[in-house]
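Protein chains in written order, with the working numbering: chain A, 1400 to 1560; chain B, -12 to 330.
Just so you know, these hints were derived from the structure itself, not from any lab. In this text the structure is predicted, and so the values were computed from the model without any measurement. Glycine is no exception: its CB is placed at the ideal position from the N, C-alpha and C atoms. Possibly wrong hints are sitting among the right ones.
[To be verified] Partial list, computed: chain A residues near chain B (C-beta under 10 Å):
| hint | residue |
| --- | --- |
| 1 | M1417 |
| 2 | W1421 |
| 3 | V1426 |
| 4 | L1437 |
| 5 | P1439 |
| 6 | P1512 |
| 7 | F1513 |
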Amino acid sequence: MPDIPGLAKGLGVTFKTMITTWTKGAVTVQYPHEKEDLAPRTRGVIALKEENCTVCMLCARECPDWCIYIEGHKEKRPPRREGGKPRTVNALDRFDIDYALCMYCGICVEVCPFDALFWSPEYEYSESSIADLLHDKDKLGEWMVTVPDPPALEAGAAKKK
Amino acid sequence: MRMLAIELSYWPLTLIKTAIVLMVIPAAAVILGYVFLLKMMAHMQSRMGPMEPGGYHGWFQLIGDGIKFIQKEDIIPSEADRRVFAIAPLVVLVSTFLLYIVVPAGPRLVVQDLDVGIFYALAVSSLSVIGILMAGWASANKFALLGSLRAAGQLIAYELPLVLAVVGVVIQANTMSLQGIVHAQADGAIFGFGLIGNPFILTQIVGFGIFLAAAQAELSQSPFDMPVAESELVAGYMTEYSGFRFLFFFMAEFGTAFALSAIAATLYLGGWYQPFFKTGIMADVMGPVVLGAKIMLIAFLIFWIRFTFPRFREDQLQTFAWKFLIPLSLVNIMVTAVFKVVL
């Protein structure tokens, strides 16, 4: 003998969902016409702040997918003080992230010691060719303006010295 | 036969009737598929369903799918029994086609009102088992074979409660002709109140439940969708089919759903009958509308159940048919017969 109250309850659930969807709309979003409300720290794409990068290669080495390609060279810069020795700095030639390989783990953002990589909530960068998903440093730099400000410190948090 | 004051001889009339039925089957499949499979199912899962094709709520989706299926290559597996493989979907579709012949949509709107109407309908509806077995066997695919055997076992098991549930109606109406059953309901009265006639759902509510459950299984709709259980059998007997042959299976499934809903509406809800126009041209005009509304109501029940419940296990499925539905329908027949004799 079938369990009639349970069956009726199940039918009620689907019927109620149908009516709510009909009157109040679905939980899904009709994407090209309307956009989803994203969470404040959404991981959409990785933005690069080029002047912070020291070509330390930590992100490239930690990347589980090996999707970050970095090339750089050493440069002499004028000394900080008069009569000092010229400084040697690393200049960034190439910083590419292959988004066809990236799995959005965020390890590169975590591991970056100089805050050169940030999460941006932008997600509309699909391409018709898979090769076009290799984004260079100019393109990664353009996303810096979309990076949200860091969340405010909690009340009572220690002030930066 | 006089229709709109035009006399037609046998062959033109038959051609016109065939053409109408051949147009009704895809139309029925598209309507049921769009309203229930795409839209109602989506809404029950808090989705919108297709919204883009055709501009207005994706109404063109299924028609576009049909066009796509027709364009596709006709693939037949190299090991398959080519001729049987090719004919199988047609056999299933023919079974659906034959069902439509006896369903009345108005006092005169019926292809052929047979004296054994409901008996004929149930007989041709079981023809599809042959097509399904042909499809499964000819595919040379173990999933297809298992699926078709499951389908055969299930369809034969649920044929019995379907027939036995109908016997109650036949006893009460004193006829097997579907027109006769409609008239029996139209002329009936509920304790002397005869405005809406006496739809047999009131006296045959148990039979109606059994008929719906058995029809659900005949259509292989969830929870009786073991034959096409996609997690274990890919698509059952349809696994090797693509293109327009798959389209035939799809149309047959939804065309049969429409036909069985129409038969259920005729048997239990009074068919095309509405209380205002009992004869004449207005009854013929209103008939399809009224019958269509009742079909949509029954189809709603069928698809509502389909989208709510998970799949039966094979043994539960057979137990439900043999140990619950068949004894219940036998009791229903006995009670109906006793009342028929007493009253």
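- Task: Against the structure, test the hints numbered earlier, and report the numbers of the ones violated in rising order.
- Result: 4, 5, 6 and 7
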